[in-house]
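Take these sequences, add in the hints, and give me the full structure.
Chains as they are written, first to last, in our numbering: chain A, 161 to 737; chain B, 854 to 1070.
Possibly wrong hints are sitting among the right ones.
Here are a few chain A residues that sit away from chain B, every Cβ distance over 10 Å (derived from the structure) [what the hints assert, rightly or not]: (1) Lys181; (2) Val193; (3) Thr217; (4) Met342; (5) Leu462; (6) Phe493; (7) Gly495; (8) Phe512; (9) Leu536; (10) Phe605; (11) Leu630; (12) Pro655; (13) Asn699; (14) Met722; (15) Ile726.
Okay, derived cross-link-like pairs now, SDA-like style, lysine to any residue, Cα gap no bigger than 25 Å in a straight line [stated by the list, open to error]: (16) B/Lys958 x A/His464; (17) A/Lys354 x B/Gly904; (18) A/Lys481 x B/Ser908; (19) A/Lys471 x B/Leu941; (20) A/Lys566 x A/Phe176; (21) A/Lys181 x A/Gly642; (22) A/Lys354 x B/Thr903; (23) B/Lys967 x B/Gly981; (24) B/Lys978 x B/Leu946; (25) A/Lys354 x B/Leu941; (26) A/Lys653 x A/Ala624; (27) B/Lys978 x A/Asn469; (28) A/Lys355 x B/Val1044; (29) B/Lys958 x A/Leu467; (30) A/Lys357 x B/Lys1017; (31) B/Lys861 x B/Ser893; (32) B/Lys962 x B/Leu946; (33) A/Lys181 x A/Thr572; (34) A/Lys357 x B/Ser1016; (35) A/Lys729 x A/Leu650; (36) B/Lys1017 x A/Gln358; (37) A/Lys357 x B/Ala909.
Please keep in mind that the hints were generated in silico from the structure rather than gathered at the bench.
Positions of the beta carbon are idealized from the N, C-alpha and C atoms, including for glycine.
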Amino acid sequence: MALNSNAHQRNKVDFFSRITKFSPHFLLCILIVPVLGGLLSVLLPAFGWAPAMEQTTFGLHGFKALWQTPGLGQMVMLTITTGLVSTVLAFVITLLMLSAFFNSPWLNRIQRIFSPILVIPHAAAAIAVGFLIAPSGMISRLISPWLSSWELAPNGIFPHDSLGISIILGLTLKELPFLLLMALGVLAQPELGKKLKQQHQVALNLGYYPMTAFFKVVLPSLYPMLRLPILAVLVYASASVEMPLILGPNTPPTLAVAIMHWFQDVDLNLRIKASAGALLQLCLSGGLLALWLIAEKAISRLSHAPLTNGKRQYCDAIWNKVTILLTLLIIAFIGLALIGLILWSLAGFWRFPAPLPEHLVLLHFESAIAQMGNPLFNTLAVGVIATMFAVIVTLFCLEAEQLSAKPLSRFTSIIIYLPLVIPSIAFLFGLVWIQQLVHEQASFFNVVFVHLLFVLPYVFLSLASSYRRLDPRFARVAASLGTTPLNVFLQVKLPQLFAPILIAIALGLAISFGQYLPTLLAGGGRISTITTEAVTLANGASRRTSAVYAIIQMVLPLIGFMLAWILPKYFFKSAYK
Amino acid sequence: MQPSLQIKNLQLSLQNELLLKLSEDVIGGEVLTIMGPSGSGKSSLLNWLTGTLPSAFNATGEVWLNGLNIDNLPSHMRHIGVLYQDPLLFSHLSVAGNVAFAMRKGNKKQRQEKVEHALEQVGLKGMGKRHPDTLSGGQQARVALLRLLLSEPKAILLDEPFSKLDTQLRVDIRQLVFEQIREHTLPAIMVTHDHSDAEAAQGKVVTLQPLGNQDAR
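Right, dumping it as structure tokens:
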């Protein structure tokens, strides 16, 4: 009997450890197979090989059709300019803010203002920005009629301007908080952050003006840590569809939006052209990455001599004022956009130049919520399943790292970011082709699976640092008391990680809630979520209903983060003395 | 006029609790040593002098440098150089780059020659192209000193600058630093735990008592 239970015990231990050690391979599989499989299944149809459509001859007719698309050049130009300009702007403003407020309490305040924006889905942000800059939007109401002398809403070009300025505005506002918080995350690292702050002070002592000191001393060490987030932003900005769909022009749209339309067209032959387009998109995003890296090398070489030329300031006083003004403008813009959104969702009759609606009514909320049941259920169900799965896989992988006492291979660490640095529009179509072949009816499962690809990297990023910081002595003490690895994991490590796990869950849910293109494609249009509804409503239906959906899109992730913030105060408190 | 750093009627407090009181004149070439247990406000004194006192602290009093009141000047306009415990060399620059960083702007060739000459003087000839991390602790301390001096400060603060060096090195570096201070006739204030530092400085020694703050360890 005793022998038996012993053997049983050993089996159990082995089982847990075996699963754990296997999990990194599993992680690699669920990331590499769909992404590379998806890319491959875009590549083959692009060259004319699509058995599903009884086309099995290789050829270039997909590309020919693509070249003959009217306005292709404009599409490409719009894609490049919006992607590049918004990324450069977000990056430059991030640097200006960091340098101007490096040692000031304002940096933390700005961080607090910006953090919630990070979890607002792109679609909701786009809707809010669109409302603000529209001819009858908040800005034009505030300056009318006293300044503009507009008695009626003017014929503006925003949003949907053909140059993509609205898209650039939306993307920049959304990516700026991301880059800024990434940079602050680097500066919050205990050793590196302290060293950079001290070196900045050294430069000040040597007579360098604060902003110049940041650029000459802090930035060269900070930039390498920011490179990956920037590249991810660049790829996203050049290939996303939500912002261009809501804020961009229609004739012609950005390449990504056009590809999406071709894929969804009833004419299946357009799918060949769409695949060719996806390949072109891949080249454009890749080209932008290459351009960024080349520019980076060039700037680093050109700035080598000026770094040590002894010049203490480059009009710092002016730049400081410009940055403060810019920061205030951005905060005011964001504030106005949110206020406008809330007002629209509650507005009864709202005559043009009036800055406030005549009555506030709950009608739009009531009628929207009455119809929201199904999308809301889908949003939550997909989000919860994908996030839970991502959290469990991540925890197993991180545990595997600790059990085997060696960090994940560099290859694995890079692969985790794969879905973030490959334009999703390029591999999603291929993936959908495959999914349709394998199990066409399982659209719910398909959506969950595709969401997982985007949720996993963020969950992993968010959990990894806290898991790796766990004091290994607790686990050793527990093990020396005869606790099995499984119980160490469940009873010692997980309770200590309660707060970070909740944050990771909230982040995973927020990412899943915000997915538009993956939901639309993998669900074959049959799975509607709050986000897909919001995007559909944004172009057409009532501005008021659209505002309600955008607000619900913003509120959902915020609830998640608030729970993640409150719950640890009541559970497993002892772990956070 | 003789270079001087004057602290007039400084009263430094943390959340309404008085940490220290100080009134001192330091003339060029002299080193004032401040000793005292941690928590007595030594580092806050240096922060106040460089204009980086955290907002939790409160200070009244004035600081005059060469006859100018610099109370309201920001850190980067005070011309006060600081030598820290760690050399804090910039790891994105070479040794020569670190030194050149501190020098006033000017003719590129002359600056280069000056850097080489300065490195040679402290026994680091030919090491300009190396990465600071490849130098020994003593060599790094020398580069940090050069960087400080070539920025032509008007006063120098020493924040336990020798505490991380081993005994023999400590004596050498200390001697080099004090020699340079005398040679450049710079007023200097040194904060230290170590009595041998205080003796070597050959100047006035002020020992801070934890005033009013009974909890200070």
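Violated hints, by number in ascending order, as checked against the structure: Structure breaks no hint.
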